[in-house]
Amino acid sequence: MLDILYVEDNPNDADIFSRLIRKMDRPITYTVINSGSEAVDYLAGQGRYSTQSNELPKLVLMDLNLNGLSGFEVIQQARSIDRTRFVPIVAFSTSDSPHDIQSAYKAGVNAYVVKPGSYQATGSVIGKLCDFWLENNARIDHR
Amino acid sequence: MSLLTVDLTNCDREPIHILGHIQSHGYLIAIQPDTYSIVHASENIVDLVNTPASQLVGQSVNALLANTDLAENVLVELLNVGKRNDSWETMNPHRFTLNGKVWNLIIHQHQELLLLEWEPTGDDRNAVMNQQLIAQALTEVQASRTLSDLLQNTAQRIKTIIGYDRVMVYRFSADWHGHVVAEAKDDHLEPFLGLHYPASDIPRQARELYKINLVRLIANVDSTPSPILSDPDWSEDQPLDLTHSVLRAVSPVHIEYLKNMGVQASMSISLLYRGELWGLISCHNTTPRFVDFQARQTAKFVSQLLSAALEFRKDEEDKTNLLQYTQIGQRLHEQLLLGDDVARALTKSSVTALDVTEATGAALLFNDKVYRLGETPDESALRSLAVWLGTTDIETFLQTNQLPARYSPAEHFREVGAGILAIALSKELNEYLIWFKPEQVQQVTWAGNPNKPVTVDNDGQQRLTPRKSFDAWTEIVRNTSESWNEAEIGSVVKLREDILQVITKQANEVRLLNQRLQVAYEELDAFSYTVSHDLRTPLSSIRCYSEIIQEEYGQEFNEDARELFQKITESTERMQRLIRHILYYSRMGRTDYSIQPIEMKPLLQNIREELLIANKDRSVRIDIGDTPSITGDPTMIHQVFSNLLSNSAKYTQRAPEAVIQVNGQQTDDEVVYSVVDNGIGFDMKHAGKMFDLFKRLENAREFEGTGVGLAIVKRIINRHQGKIWFHSEPNRGTTFTLSFPVTTH
Numbered sequence: 001m002l003d004i005l006y007v008e009d010n011p012n013d014a015d016i017f018s019r020l021i022r023k024m025d026r027p028i029t030y031t032v033i034n035s036g037s038e039a040v041d042y043l044a045g046q047g048r049y050s051t052q053s054n055e056l057p058k059l060v061l062m063d064l065n066l067n068g069l070s071g072f073e074v075i076q077q078a079r080s081i082d083r084t085r086f087v088p089i090v091a092f093s094t095s096d097s098p099h100d101i102q103s104a105y106k107a108g109v110n111a112y113v114v115k116p117g118s119y120q121a122t123g124s125v126i127g128k129l130c131d132f133w134l135e136n137n138a139r140i141d142h143r
Numbered sequence: 001m002s003l004l005t006v007d008l009t010n011c012d013r014e015p016i017h018i019l020g021h022i023q024s025h026g027y028l029i030a031i032q033p034d035t036y037s038i039v040h041a042s043e044n045i046v047d048l049v050n051t052p053a054s055q056l057v058g059q060s061v062n063a064l065l066a067n068t069d070l071a072e073n074v075l076v077e078l079l080n081v082g083k084r085n086d087s088w089e090t091m092n093p094h095r096f097t098l099n100g101k102v103w104n105l106i107i108h109q110h111q112e113l114l115l116l117e118w119e120p121t122g123d124d125r126n127a128v129m130n131q132q133l134i135a136q137a138l139t140e141v142q143a144s145r146t147l148s149d150l151l152q153n154t155a156q157r158i159k160t161i162i163g164y165d166r167v168m169v170y171r172f173s174a175d176w177h178g179h180v181v182a183e184a185k186d187d188h189l190e191p192f193l194g195l196h197y198p199a200s201d202i203p204r205q206a207r208e209l210y211k212i213n214l215v216r217l218i219a220n221v222d223s224t225p226s227p228i229l230s231d232p233d234w235s236e237d238q239p240l241d242l243t244h245s246v247l248r249a250v251s252p253v254h255i256e257y258l259k260n261m262g263v264q265a266s267m268s269i270s271l272l273y274r275g276e277l278w279g280l281i282s283c284h285n286t287t288p289r290f291v292d293f294q295a296r297q298t299a300k301f302v303s304q305l306l307s308a309a310l311e312f313r314k315d316e317e318d319k320t321n322l323l324q325y326t327q328i329g330q331r332l333h334e335q336l337l338l339g340d341d342v343a344r345a346l347t348k349s350s351v352t353a354l355d356v357t358e359a360t361g362a363a364l365l366f367n368d369k370v371y372r373l374g375e376t377p378d379e380s381a382l383r384s385l386a387v388w389l390g391t392t393d394i395e396t397f398l399q400t401n402q403l404p405a406r407y408s409p410a411e412h413f414r415e416v417g418a419g420i421l422a423i424a425l426s427k428e429l430n431e432y433l434i435w436f437k438p439e440q441v442q443q444v445t446w447a448g449n450p451n452k453p454v455t456v457d458n459d460g461q462q463r464l465t466p467r468k469s470f471d472a473w474t475e476i477v478r479n480t481s482e483s484w485n486e487a488e489i490g491s492v493v494k495l496r497e498d499i500l501q502v503i504t505k506q507a508n509e510v511r512l513l514n515q516r517l518q519v520a521y522e523e524l525d526a527f528s529y530t531v532s533h534d535l536r537t538p539l540s541s542i543r544c545y546s547e548i549i550q551e552e553y554g555q556e557f558n559e560d561a562r563e564l565f566q567k568i569t570e571s572t573e574r575m576q577r578l579i580r581h582i583l584y585y586s587r588m589g590r591t592d593y594s595i596q597p598i599e600m601k602p603l604l605q606n607i608r609e610e611l612l613i614a615n616k617d618r619s620v621r622i623d624i625g626d627t628p629s630i631t632g633d634p635t636m637i638h639q640v641f642s643n644l645l646s647n648s649a650k651y652t653q654r655a656p657e658a659v660i661q662v663n664g665q666q667t668d669d670e671v672v673y674s675v676v677d678n679g680i681g682f683d684m685k686h687a688g689k690m691f692d693l694f695k696r697l698e699n700a701r702e703f704e705g706t707g708v709g710l711a712i713v714k715r716i717i718n719r720h721q722g723k724i725w726f727h728s729e730p731n732r733g734t735t736f737t738l739s740f741p742v743t744t745h
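Protein chains in written order, with the UniProt record's numbering: chain A, 1 to 143; chain B, 1 to 745.
It cannot be assumed that every hint is accurate.
Sample of chain A residues facing chain B (criterion: CB under 10 Å; computed from the structure) [as the list claims (entries may be wrong)]: (1) Asn10; (2) Asn12; (3) Asp15; (4) Ile16; (5) Gly68; (6) Ser95; (7) His99; (8) Tyr112; (9) Pro116; (10) Gln120; (11) Thr122.
For each label pair, taking beta carbons as the anchor points, the in silico distance ranges come out as [stated by the list, open to error]: (12) B:Arg618 to A:Leu69: 25 to 35 Å; (13) B:Pro634 to A:Val125: 52 to 62 Å; (14) A:Lys106 to B:Lys685: 29 to 39 Å; (15) B:Leu500 to A:Asn67: 48 to 58 Å; (16) A:Tyr49 to B:Pro634: 35 to 45 Å; (17) B:Thr667 to A:Ser80: 48 to 58 Å.
Hints were generated in silico from the structure; no laboratory data involved.
Each residue gets a CB set at the ideal place from its N, CA and C atoms; glycine is no exception.
With the rest of the complex left out, here is chain A (with noise of 0.2 Å):
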């Protein structure tokens, strides 16, 4: 069983995300993909995804600022498939400019999280969105 799907192509973010899951000491299960294609593949259970029996997560944390295929991409074909049109999406990203902000819901985010650029606060957003979509949070997408 999967908590959580990280798409994140800085390695940096992805290790301070990875030191905080394992500072919570709650067993919090992870995945990071570093790349929007593969991220495709993974939900649409496609490509070296396809023969893996890979469960949907209980949420997908994605970073909008992707070299290639695109945060907003990414969400857009999740929710044009059936299997991850209701997967609890929350866009993790740097950029706090409306535009990105309109864009992403307009794509299909559950939610929207700015990246506060402190390990403190990143802890803490962690923490916050662990405890909400992980656990308070009930869910239509998983049969």
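Got chain A; can you put chain B on it based on the hints?
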């Protein structure tokens, strides 16, 4: 036909070239050129050949001489010679002695028929004198005499040749009314020199005929015209065309006109200028008088010399003008190309737009400004005139020497501009260059009242008769300037091209600049994004890792190392904030914004709550007074008040109790808000750069800040066409006042 519609233009419809009669001083037959069979014969031919016309039509031309002293085949032999030479012109006139009398035979071919006309001969002794007159005329034309001398002497010369008692040179105006410009007459006659004749006196198709047949003679207005009989087999819908006939009878209307003038014989010779009728030499005699072929030819030749002189002189005159205008036009073009200021090049340089015509004033309406040169109407009259021009069909230019007739307000400035020549620079923007010529009050003396050229018969007959009174009738012509000549129009049309070329070039430059600006903006967008992401991301990493080091290895550091790491964290934090503010600032200038009425109370309460939470460890009071709504972009307006109130909260940190008051006030055309605090204040003397990016006042240094907040506020206010000002004294608090127009575009 109602009386109201009756005028002499009815003459325009009279078919004068096929009247079916000839004048009775001569005789006419028309024959087939191949068979020589007679198709038409004038009824009076019986007087010449003793055989009635009715017995001649349909017969061979031999029948013509059957009852004369000449052999029957004389005419045929003559015709054969003419046919072999393929020219009748050189044979004319042929001396033709018949029954002891000498006649001039004049032959011409027209519309598949040969026309043979016999008319009396004149006195041979005149021939020598006429030769001398021609020589004189030639000499005179070659010498550069004035035009009026040339006209006067030509009139005198024609009078000598044909012996009539009055010879006038008649010049047509643009509206085809005529004007007597030279006259030679017997002393006892009343002078007609200077008189004007209405255009209806010489109808349109008569003028057309005058261009083809240059000389017409009416030998006796009282003689009875002789009808033309036709071969019964000849189709009736092909009447004999007398266009080139020397005997052609005259329209009864014209005969009556001459009789009313007391004229018994008349001759006219056309004066052509560039193929158009320039005028007539009109000759009158109070008794019947025939002018023989040679004399007519001489008169025609002298007139043609005059025509050639006209053409030559007018060309010279035009060329001189044109050359002068071309040179001035060239200088103007250079001035236009030299600078980027069109108005300056046309109105404020050594050569101006006024110099390209004979105008006495010129006005340029350009870029919403009016530039005047010389004598022109005043500025408001010019602006109204430009508006009127927009309603006309002006595309390139418009010219008139009678502006008030088309645009009645022009009567008020007729002294400076009864005539205008205008070129359109932009009809959409009401941009024109207009030249003015002043009113020339003219006294025109008409031969009879030109408005009453028609009299109607007593018996109620609808047939018109030309006027009977030729008593001079004087009219004052107002609202008219000198007319614009071809050289003037040519030069302004060329100038228009030059101006438009420069304007287009400038417009293209602006467009190019716009494109470059667009590209620059897009680059700035990309740059902003780079700042926002690519710069922020590594900065966040630096900060996170220094925090991690502090957290995980902090206890292994000594005090000094811990402090250094703390400085790294703080510096990155400041840099992050700076980047965020710069992004706000640039975003406020560029993002699209949506205008709507904004409920101010919830917006302000929202900001108050945020501030109270952020400052919960000290005593802050935020009072919200009246909150009239503002029309604007909600996000931006929120930003404005958020920045101002945050500033107030920040600079009241040292006050025992911070008090911030926000109050709005609505007037008819603006909404004014004030934000008052009891903070540290500032010296107004140093507040000049208050709203500049990154500028902070000296006493603000001890407080956190990037120097961007008020720049953002100013930028948003500008985008809303609002105003912001302030009042402060050190340690006496600060008041910011903002005004928003009630309707924002």
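Hint check:
{"no.": "1", "hint": "Asn10", "in the structure": "holds (6 Å)"}
{"no.": "2", "hint": "Asn12", "in the structure": "holds (4 Å)"}
{"no.": "3", "hint": "Asp15", "in the structure": "holds (9 Å)"}
{"no.": "4", "hint": "Ile16", "in the structure": "holds (5 Å)"}
{"no.": "5", "hint": "Gly68", "in the structure": "violated (15 Å)"}
{"no.": "6", "hint": "Ser95", "in the structure": "holds (6 Å)"}
{"no.": "7", "hint": "His99", "in the structure": "holds (7 Å)"}
{"no.": "8", "hint": "Tyr112", "in the structure": "violated (15 Å)"}
{"no.": "9", "hint": "Pro116", "in the structure": "holds (8 Å)"}
{"no.": "10", "hint": "Gln120", "in the structure": "holds (6 Å)"}
{"no.": "11", "hint": "Thr122", "in the structure": "holds (7 Å)"}
{"no.": "12", "hint": "B:Arg618 to A:Leu69: 25 to 35 Å", "in the structure": "violated (49 Å)"}
{"no.": "13", "hint": "B:Pro634 to A:Val125: 52 to 62 Å", "in the structure": "violated (27 Å)"}
{"no.": "14", "hint": "A:Lys106 to B:Lys685: 29 to 39 Å", "in the structure": "violated (51 Å)"}
{"no.": "15", "hint": "B:Leu500 to A:Asn67: 48 to 58 Å", "in the structure": "holds (52 Å)"}
{"no.": "16", "hint": "A:Tyr49 to B:Pro634: 35 to 45 Å", "in the structure": "holds (44 Å)"}
{"no.": "17", "hint": "B:Thr667 to A:Ser80: 48 to 58 Å", "in the structure": "holds (54 Å)"}
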